[in-house]
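> Okay, here's what each chain looks like letter by letter:
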Amino acid sequence: MAEQASILAEHVSFTYEESETQTLKDVSLEIKPGEFVAILGHNGSGKSTLAKLLNALYLPTEGRVLVCGMDTAEDERIWDIRRRAGMIFQNPDNQLVATVVREDVAFGLENLGVPHGEMVERIDRALETVRMTAYADSAPHMLSGGQKQRVAIAGILAMAPSCILADEATAMLDPAGREEVLQTVRKLNREQGISVVWITHFMEEAAKADRVIVISDGEIALQGAPREVFKQVERMRELHLDVPHMTALAAELRKEGIPLREDLLTVEEMTEEVCALLCPSN
Amino acid sequence: MLKNITLGQYYPVDSVIHRLDPRVKILLTMAMIVAVFLVRSLVGYALLLAFVYLVSRLAKVPFRLIIKGIKPLRFILILTFLLNLFLSAQGNILFQWRFITITDQGLRQSIHYSLRLVFLVLGTSLMTLTTSPIQLADGMELLLSPLKVIRFPAHELAMMMSIALRFIPTLLEETDKIMKAQMARGADFESGNLLRRAKAMIPLLVPLFVSAFRRASELAMAMEARCYHGGEGRTRLRVLKLTRPDLWASLAVAGLIALIVLEGIVLPKGWLL
Numbered sequence: 001m002a003e004q005a006s007i008l009a010e011h012v013s014f015t016y017e018e019s020e021t022q023t024l025k026d027v028s029l030e031i032k033p034g035e036f037v038a039i040l041g042h043n044g045s046g047k048s049t050l051a052k053l054l055n056a057l058y059l060p061t062e063g064r065v066l067v068c069g070m071d072t073a074e075d076e077r078i079w080d081i082r083r084r085a086g087m088i089f090q091n092p093d094n095q096l097v098a099t100v101v102r103e104d105v106a107f108g109l110e111n112l113g114v115p116h117g118e119m120v121e122r123i124d125r126a127l128e129t130v131r132m133t134a135y136a137d138s139a140p141h142m143l144s145g146g147q148k149q150r151v152a153i154a155g156i157l158a159m160a161p162s163c164i165l166a167d168e169a170t171a172m173l174d175p176a177g178r179e180e181v182l183q184t185v186r187k188l189n190r191e192q193g194i195s196v197v198w199i200t201h202f203m204e205e206a207a208k209a210d211r212v213i214v215i216s217d218g219e220i221a222l223q224g225a226p227r228e229v230f231k232q233v234e235r236m237r238e239l240h241l242d243v244p245h246m247t248a249l250a251a252e253l254r255k256e257g258i259p260l261r262e263d264l265l266t267v268e269e270m271t272e273e274v275c276a277l278l279c280p281s282n
Numbered sequence: 001m002l003k004n005i006t007l008g009q010y011y012p013v014d015s016v017i018h019r020l021d022p023r024v025k026i027l028l029t030m031a032m033i034v035a036v037f038l039v040r041s042l043v044g045y046a047l048l049l050a051f052v053y054l055v056s057r058l059a060k061v062p063f064r065l066i067i068k069g070i071k072p073l074r075f076i077l078i079l080t081f082l083l084n085l086f087l088s089a090q091g092n093i094l095f096q097w098r099f100i101t102i103t104d105q106g107l108r109q110s111i112h113y114s115l116r117l118v119f120l121v122l123g124t125s126l127m128t129l130t131t132s133p134i135q136l137a138d139g140m141e142l143l144l145s146p147l148k149v150i151r152f153p154a155h156e157l158a159m160m161m162s163i164a165l166r167f168i169p170t171l172l173e174e175t176d177k178i179m180k181a182q183m184a185r186g187a188d189f190e191s192g193n194l195l196r197r198a199k200a201m202i203p204l205l206v207p208l209f210v211s212a213f214r215r216a217s218e219l220a221m222a223m224e225a226r227c228y229h230g231g232e233g234r235t236r237l238r239v240l241k242l243t244r245p246d247l248w249a250s251l252a253v254a255g256l257i258a259l260i261v262l263e264g265i266v267l268p269k270g271w272l273l
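Sequence order for the protein chains is A and B.
Residue numbers for the first sequence, in the numbering used here: 1 to 282.
Residue numbers for the second sequence, in the numbering used here: 1 to 273.
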């Protein structure tokens with residue numbers, strides 16, 4: 001048998017109770033273990049709804065979602081599913097429950113009924129991994145946005161997840177906070193093989209993913225490696241999405257007849273390309 | 001102004017009394033309340049006062065801070081005293097002038113009632129000054145947990161309390177922000193009479209409520225995502241354990257009650273009230 005997918009969505013459709021139209025239409029996707037997948041989409045595209053379907057906060061109206069082989073529609077496995085697919089939300093304030101950092105990290109473990117001794121151990125390890133040990137006894141409202149998100153990550157990490165779902169986890173942070181949260185999640189992805197579903201509208205963040213899925217009007221519009229997706233500059237514009245600045249610049253320059261690669265993503269790559277053009281001898 | 005807030009009247013120092021198990025403190029406070037009603041003479045009140053003073057020293061809480069707890073009660077105290085003094089008709093008349101009659105029993109009763117009130121406040125302040133709100137919530141949850149059998153929501157109440165404590169600073173910060181935003185747009189929160197000022201609060205309260213509801217709904221979802229499903233099968237990080245000092249404290253209160261009961265029996269009726 002092939003390696004079991006971390007998350008598997010098969011022909012998932014979803015309609016909100018009070019709504020007439022489908023928010024998601026026949027979405028199928030697979031997140032492999034250890035994969036870092038970015039999901040892009042403009043406001044109201046259904047990307048947030050998709051995230052909530054992936055850990056049984058919502059149940060699909062049609063189709064099914066499997067988390068580590070468990071169907072989210074199975075009531076008795078719901079806690080195991082949510083433990084496996086931990087979710088970080090957008091607003092750092094509205095997901096911390098306790099008055100002290102350490103106790104907030106404990107929240108999930110308390111809910112799972114983990115014995116006290118093991119709980120303390122797992123909390124310490126999780127806080128260390130996100131480098132928040134020094135703040136273990138602080139009150140959440142004294143922390144910066146990035147630090148709060150790292151505490152939220154620790155809270156999920158303590159539950160030993162196989163997948164982290166981040167629903168625009170950096171949208172409310174300043175650039176420094178954004179960087180520190182993304183770095184933390186990437187480290188977990190690399191070092192512990194935790195797969196990541198990174199929902200964002202920052203193209204530069206999506207560019208660092210293994211794979212990008214673009215959602216538009218509840219459907220998967222594009223997917224593939226970041227380079228493959230972003231080089232379709234025109235298509236992305238049609239979907240009301242930007243591409244990374246350098247990809248856009250390269251596209252403009254190509255229009256002017258400058259032969260640049262069309263799948264440029266970063267400033268470094270741009271510099272290299274331009275240098276190569278200017279002095280071909282190198 | 002909103003940054004450094006202390007909740008309730010908790011006095012955060014480290015002492016033997018602070019470290020006592022909150023369950024024990026709650027129960028002992030209740031025992032002390034009962035003791036207050038057993039007092040028959042001024043000697044008993046003196047005993048109580050000595051006890052409160054001793055505990056405040058052990059707790060490193062300034063005694064005057066405990067006394068200050070009575071201040072908001074002063075009108076009720078005066079009212080209790082006067083009502084009992086004037087409306088009690090039994091006993092020997094000590095003083096009579098027109099419709100005012102003061103009897104010895106009335107005087108005794110009014111002193112008793114007022115002192116009882118004072119000691120009720122002193123006793124409970126001892127607890128709230130030395131126990132953080134979150135510890136109190138923990139203690140209440142555990143003490144009330146036997147009532148879960150009759151579906152009393154002990155865990156839910158404690159969880160609500162703890163979430164409220166978590167969000168008070170956040171909401172205060174938000175209030176501050178909204179207030180400044182509205183002031184920047186010309187809102188006036190400070191002038192005018194009471195009615196006008198109350199009306200001026202509407203543009204502050206409406207956005208605050210809307211945001212609080214949004215936060216609540218997001219928080220509920222985040223809690224569910226972290227496997228929250230009520231108090232059943234839940235373990236806790238904060239474990240309460242009875243220690244040696246808890247035993248000493250219980251013995252001390254038991255001793256106090258014994259002395260008070262003894263005072264009621266031994267001293268002849270009417271001696272010192």
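Treat the hints as calculated values from the structure; they're not laboratory data.
Source: prediction; values computed, not measured.
Incorrect hints may appear among the rest.
Claimed, not checked - Label pairs and their calculated CB-CB ranges: (1) B:Ser217 to A:Pro33: 47 to 55 angstroms; (2) B:Ser145 to A:Val120: 41 to 49 angstroms; (3) A:Glu118 to B:Trp248: 45 to 53 angstroms; (4) A:Glu234 to B:Ser217: 35 to 43 angstroms; (5) A:Val120 to B:Leu157: 39 to 47 angstroms; (6) B:Arg19 to A:Glu118: 56 to 64 angstroms; (7) B:Met160 to A:Asp174: 28 to 36 angstroms; (8) B:Ser145 to A:Lys208: 24 to 32 angstroms; (9) A:Asp174 to B:Ser217: 57 to 65 angstroms; (10) B:Leu73 to A:Val120: 37 to 45 angstroms.
We treat Cβ as the ideally placed atom computed from N, Cα and C, and that holds for glycine.
> Determine whether the Cβ-Cβ distance between Ser145 (chain B) and Lys208 (chain A) falls within the hinted range of 24 to 32 angstroms.
49 angstroms, violated
> Is it true that Arg19 (chain B) and Glu118 (chain A) lie within 56 to 64 angstroms of each other by Cβ?
Since the Cβ atoms of Arg19 (chain B) and Glu118 (chain A) sit about 25 angstroms apart, the hinted range of 56 to 64 angstroms is violated.
> Measuring from beta carbon to beta carbon, are Glu118 (chain A) and Trp248 (chain B) in 45 to 53 angstroms?
Since the Cβ atoms of Glu118 (chain A) and Trp248 (chain B) sit about 33 angstroms apart, the hinted range of 45 to 53 angstroms is violated.
> Could you say whether the range 28 to 36 angstroms given as a hint is met by the Cβ separation of Met160 (chain B) and Asp174 (chain A)?
Between Met160 (chain B) and Asp174 (chain A), where Cβ atoms are some 32 angstroms apart, the hint holds.
> With respect to the beta-carbon atoms only, verify the hint that Glu234 (chain A) and Ser217 (chain B) lie 35 to 43 angstroms apart.
At 39 angstroms between Cβs, range holds.
> Please check whether Leu73 (chain B) and Val120 (chain A) have a Cβ separation lying inside 37 to 45 angstroms.
Holds, at about 43 angstroms.
> In this structure, is the beta-carbon distance linking Asp174 (chain A) and Ser217 (chain B) contained in 57 to 65 angstroms?
For Asp174 (chain A) and Ser217 (chain B) the Cβ distance comes to about 25 angstroms; the hint is violated.
> Using the beta carbons of Val120 (chain A) and Leu157 (chain B), state whether their distance is inside 39 to 47 angstroms or not.
26 angstroms, violated
> Go ahead and decide if the range 47 to 55 angstroms is satisfied by the Cβ distance of Ser217 (chain B) to Pro33 (chain A).
Cβ of Ser217 (chain B) to Cβ of Pro33 (chain A): about 33 angstroms, so the range 47 to 55 angstroms is violated.
> State, for the Cβ atoms of Ser145 (chain B) and Val120 (chain A), whether the hinted interval 41 to 49 angstroms holds or is violated.
23 angstroms, violated
Consistency with the previously given hints fails for numbers 1, 2, 3, 5, 6, 8, 9, ordered from lowest to highest.
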